[in-house]
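Chemist: Each chain, letter by letter, is given below.
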Amino acid sequence: MRLPTGLLGLSFTLLVFAAPVARAQPLPAKIDFNRDVRPILSNNCFQCHGPDDKVRKARLRLDVREGATAAAIVPGKPDASELITRLTATPDDKSVMPPVKTGKKITAREVEILKQWIKEGATYTTHWAYVAPKRSELPKTKYQIANPIDAFIFARLEAEKLAPMPEADRYALARRAALDLTGLPPTQEEVETFVADKTTQAYEKFVDKMLAKTAFGEHWARMWLDLARYADSAGYADDPQRTIWKYRDYVIQSFNANKPFDVFTLEQLAGDLLPNPTTEQLIATAFHRNTMTNSEGGTNDEEFRNVAVVDRVNTTFTVWMGTSMACAQCHTHKYDPITQVEYFRSLAFFNNSADADRPDESPTLPFWTDELLKKKTDLEKQIADLETALKGKKPEEMKTERDKLAVLKKDLAAVKPLTTVPIMKELTGAARRKTKLQFRGNFMDLGEEVTEGTPAAFPALKVVAGPQPGGLNRLHLAKWLVSEENPLTARVVANRFWEQIFGTGLVRTSEEFGAQGEQASHPELLDWLATELIAKKWDTKEFLKLLAMSSAYRQSAKVTPELFEKDPDNRLLARGPRVRLSAEMIRDQSLFAAGLLSTKTLGPSVRPQQPNLGVSAAFGGSIDWQTSTGEDKYRRGVYTQWRRSNPYPSMSTFDAPNRDACVVRRGRTNTPLQALVSMNDPVYIEAAQSLARRTIENGGKTTAAKAAFAFRACLVRAPSDAEVTVLAKLFDDAKAKFSKDATKATQFATNPLGPLPKGVDVSEAAAWTVVVNVIMNLDEMLMKR
Amino acid sequence: MHPRLELLQAVTRRNFLENSSLGLGGLALSSLLGEAHADTPRTENPLAPKKPHFAAKAKRVIYLHMSGAPPHLDIFDYKPELQKQDGKNCPDEHLKGKRFAFTSGVPKLLGTRQPFKQHGKAGTWMSDAIKPLHEVADDVTVIRSMKTDEFNHAPAELLLYTGFARQGRPSLGAWTCYGLGNESENLPGFVVLISNGVQPSGGQGCWGSGFLPSVFQGVQCRSKGEPVLYLSDPPGLDRDMRRLGLDAMKGLNELQEKELGHPETRTRISQYELAFRMQLSAAEVMDISKEPAKVLESYGAKPGAGSFANNCLLARRLIEQGVRYVQLFDWGWDFHGTNPNEDIRDGLTKKGTTTTQSVAALIKDLKNRDLLKDTLIVWGGEFGRTPFREGRTAGGQVLGRDHFPDCFSLMLAGGGIKAGHTHGESDDLGFKPAKDMVHVHDLQATLMHCLGFDHTKLTFRFQGRDYRLTDVHGKVVKEILA
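Heads up: the sequence lines are chains A and B, in that order.
Positions in the first sequence are counted from 1; adding 4 to them yields the numbering used here.
Positions in the second sequence are counted from 1; adding 11 to them yields the numbering used here.
For reference, chain A alone in the conformation it holds in the complex:
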């Protein structure tokens, strides 16, 4: 039970019940500028008294000490400080700050903090995330630790007078770790091996096994594809299909090959600029070709090329540095020290790729088979020869040859590569564009010319290899992002992995590490992890293993009412993580339990069953599609064709984004529409029918044994007696009803999976389908726990 008002900032309904009895929280013993003061100033003052000099009011600047002490603050003397006078003025006083019309209001406690801070000398410190991470000593804790993560987590628990939970049982642990690392439940055999393994390395062996599976890359690619805004369509009004799945495969393969994150970075941002780039490195550059292309009639290609470039800047800084640059596109950032000129200097890095909002997505990289390639070069040669022969001849001469040439050209046009992938290609020489500042972000309202450069608030970009023609390029930028001096990238990346494993980032606002972002719940741990990531040379699997091996992760998810009251979001980790599965996981898990999930990897995107909507996109084709055949109907969710104007409906109901733009954090809502999907979507019914048939065939003799079989296939653990009782009763009731209505029974047992195997009783199959449908909809099934 959370306050609905928290969500809304509206407290009318509540005040009726809640007389404001809340006593003020005590002030911290020592004021910490970043923790205590900056958020207050940033939320209430910086918009008019911050870095942006264009809108700065009264020439007062509060984001730097010189500015503040020049007019508003007298260090040591809160009562003599105009800041305090203004903040504490009555609302009818015209001089009150923040002004009434802003709707912002400072609390009494916040004023006390500011007073205390001024009293202590009003010292400013650099925003924590802009200072290089410091590796601190491991805190002491009385609890047993498995690795350094636990030292930080458990010491904090002690300070909060809490204790960790004991380790989860092996079945729970196996399901949790398998889901987190591979996106799928473990196989029965994997679980039993783990449970039976009495050695001390049993769990580690299990984790290693999960990390080594192909499913690992398919699962972790999903997160990255959200960041990369990967989709199989170009977006905007007509949203035509786009062929770019080679990039999706690149991401999956990179995770499976455990490509170090810094290499992964260089390849995607600047693979084309690496010396003698490989095909793989060129495919990687499609990362930034996932921007949308506008083919709507009457649109200006330069305008939308510019939109794509802006998106590349914003995405790059969000993905690697947790910095929302977007604000600085139109004006100097109001909260963070990034000027508009710096924004366009960052944009200059991306402004010289050859793509230009073209419907054909050029430049693209074609993929040929030897046979096709031979056919192509043969034709090209014949055409070249004929053209040479025809050179200088009059149009009326050599008619036969001319006709032949036309045919050859037609043939050549028909020779298409197997597939293509849009790539980045740097313009050279005269084709290079000049980058100019755009006033208010308008691409037609241009200002001074700018050159490539990074914002001054961050460590300087050092040119390692000497200036190239045209100065700095994307490769320099990419190297700078993953350089050891960069204070943000390692923190941002470590935090994102943490978020995937533990449910919430140490910095909850995983997309925002600037002044408006939240502070870390465990700052020393975040810094330790960031330095560890660099020390381990950006080894992704090693890093994920570190998280999964911690005792903090392995705790039981059990919670007491007191603990839930105190920490409903589990930020302190006094229990194991428990969060809703992602859209892809929910679907894949049901197909897996059903025995339907295809293990086929990579390749063109597939079209699983979806309802016909009978609508088309504006100016575009029908949104409905022809369902894929054979095992392509049952591929993992990561291979589902992603159409931006109409994302696969059952997955978008579970918060899968349409990927118009970079998504750092997906929602994890719980809605009735989701219940309709997992209860009624033919995909889930088919899965239930399939597992029902397996249950009848392999589940044992008794109803109880069969119920336990179906339950374990879905949830890994064995059901309790009480659970078996409920399931068995459901089966008996359902079977009794279906026995009286063969038509219904047949429909429910066979549509859409198809006729039952010989000898299977139809009412029994229908009844088990009901049971499986119930299991597949249990809270436990939808949650990682």
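These are computed hints drawn from the structure, not numbers from a lab.
Some hints could be false.
[To be verified] Restraint ranges, calculated between C-beta atoms of paired labels, are given here:
hint: 1; chain 1: A; residue 1: 702; chain 2: B; residue 2: 243; range: 25 to 35 Å
hint: 2; chain 1: B; residue 1: 272; chain 2: A; residue 2: 460; range: 46 to 56 Å
hint: 3; chain 1: B; residue 1: 470; chain 2: A; residue 2: 163; range: 26 to 36 Å
hint: 4; chain 1: B; residue 1: 482; chain 2: A; residue 2: 247; range: 31 to 41 Å
hint: 5; chain 1: A; residue 1: 135; chain 2: B; residue 2: 483; range: 30 to 40 Å
hint: 6; chain 1: B; residue 1: 236; chain 2: A; residue 2: 418; range: 35 to 45 Å
[What the hints assert, rightly or not] No farther apart than 30 Å at their CA atoms in a straight line, the calculated lysine-lysine pairs in the DSSO-like style are these:
hint: 7; chain 1: B; residue 1: 158; chain 2: A; residue 2: 58
hint: 8; chain 1: A; residue 1: 541; chain 2: A; residue 2: 562
hint: 9; chain 1: B; residue 1: 446; chain 2: A; residue 2: 105
hint: 10; chain 1: A; residue 1: 105; chain 2: B; residue 2: 158
hint: 11; chain 1: B; residue 1: 468; chain 2: A; residue 2: 61
hint: 12; chain 1: B; residue 1: 142; chain 2: B; residue 2: 128
hint: 13; chain 1: B; residue 1: 261; chain 2: A; residue 2: 733
hint: 14; chain 1: B; residue 1: 468; chain 2: A; residue 2: 98
hint: 15; chain 1: A; residue 1: 105; chain 2: B; residue 2: 142
hint: 16; chain 1: A; residue 1: 414; chain 2: A; residue 2: 378
[Claimed, not checked] So the derived list for chain B, only partly shown, Cβ under 7 Å to chain A, looks like this:
hint: 17; residue: 113
hint: 18; residue: 115
hint: 19; residue: 116
hint: 20; residue: 165
hint: 21; residue: 207
hint: 22; residue: 210
hint: 23; residue: 260
Where a beta carbon is used, it is the ideal one built from N, C-alpha and C, also for glycine.
Starting from the known structure of chain A, fit chain B onto it as the hints suggest.
Modeler: Showing chain B alone in chain A's frame:
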């Protein structure tokens, strides 16, 4: 649990927290718990009805969007001077520095071919293309000085509905539900109905929840086929059997809740119960076959059709059930003149007459049911159309106009809006608002005002910034408020 009791418990917990948390290490626990966020599931219902900032005239919205942008100069904005200058070259001052979607060079001015008259006591100018609306002239406000920043469909629609011309921000309906919750326990708070089988250019972004929790996003319902995706029980599974299954599910979930102690499990149970109820209610509300023949006839609705008329009738049925926001999109208003349906003469008369019959019927129907007073109705497109002939089709027989963002018209009615009123004026040739310009951000601010919100204060924090529907703009148009 009784909602009031639940609330009290929540309050008690909050007090406990405020008194007990320690500021150790990093972020104090109290700030860790500070606010609810989009990514965290909650145990309370985020769609529970809520009170706005101040007493509101409107409780719900029906937004009728004419996708493609109606030719306002042939509907609401009568320009005698433009008729006089019909066929003349468009003056350079109106072309300099401007971009048009399909027109370059010097186009010819195009006066309307539709007869115009003043209607109602208020004397509101309307053309014969929208004859059915003449009867409700004294129930509506027409704004003739609208302005937007975008001249392509998709960005203009997104700007109109989300305050921003690119995808990714919450839509008007999502903001409305975020602010007000939903009055219906069995239906979504925000329903989208699309006629003629074509999505608007802005796509699902026009009813998306952006960075708001996805419970606030619009749910597309269909008047043909299954009204909500996956609403029907699978073939062979009847209601009794579903109930049996749900009871077992509840029992098993409760065992889990006892075992692990997570109160969210209870929310899961209640969402499944809600889905069960929604299956009945949604099917019922979407079935118009039991409406009296007279009503069907007045709207021009036919059970089973996917028409705009059906959707207008459904809009009324949905808001009667407490749905907060109903969004209609009707395709076929992009009057370029590329075919006879896009001709501002007969093509428009046909489109205008059929569709406004349903709009007029809706207004009258709501009025009869005493629902018009607190239901806000908006009718309009994403921009206007040029006072000159569209470039590509200028040589043909069909008369069409290009996209035009600088000045257009829009109609409002109901909750909080003046009845029988015209606001703003365009200049003589219709190129610019001459008086009382209303930017789409101002329209948004005004709609939020009618619903009881200060548009600058209904915000949501995302990526470190407090976002709102009107971005950093918007001024309430007080002159059109009742």
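Chemist: A separate judgement is required for each hint: does it hold in the structure or not?
Modeler: Evaluation of the provided hints:
| no. | hint | verdict |
| --- | --- | --- |
| 1 | A/702 with B/243: 25 to 35 Å | holds (31 Å) |
| 2 | B/272 with A/460: 46 to 56 Å | holds (51 Å) |
| 3 | B/470 with A/163: 26 to 36 Å | holds (34 Å) |
| 4 | B/482 with A/247: 31 to 41 Å | holds (35 Å) |
| 5 | A/135 with B/483: 30 to 40 Å | holds (31 Å) |
| 6 | B/236 with A/418: 35 to 45 Å | holds (40 Å) |
| 7 | B/158 with A/58 | holds (26 Å) |
| 8 | A/541 with A/562 | violated (36 Å) |
| 9 | B/446 with A/105 | holds (27 Å) |
| 10 | A/105 with B/158 | holds (25 Å) |
| 11 | B/468 with A/61 | holds (21 Å) |
| 12 | B/142 with B/128 | holds (10 Å) |
| 13 | B/261 with A/733 | holds (14 Å) |
| 14 | B/468 with A/98 | holds (20 Å) |
| 15 | A/105 with B/142 | violated (44 Å) |
| 16 | A/414 with A/378 | holds (16 Å) |
| 17 | 113 | holds (5 Å) |
| 18 | 115 | violated (11 Å) |
| 19 | 116 | violated (15 Å) |
| 20 | 165 | holds (4 Å) |
| 21 | 207 | violated (9 Å) |
| 22 | 210 | holds (5 Å) |
| 23 | 260 | holds (5 Å) |
The structure fails hints 8, 15, 18, 19 and 21 (numbered hints given earlier, in ascending order).
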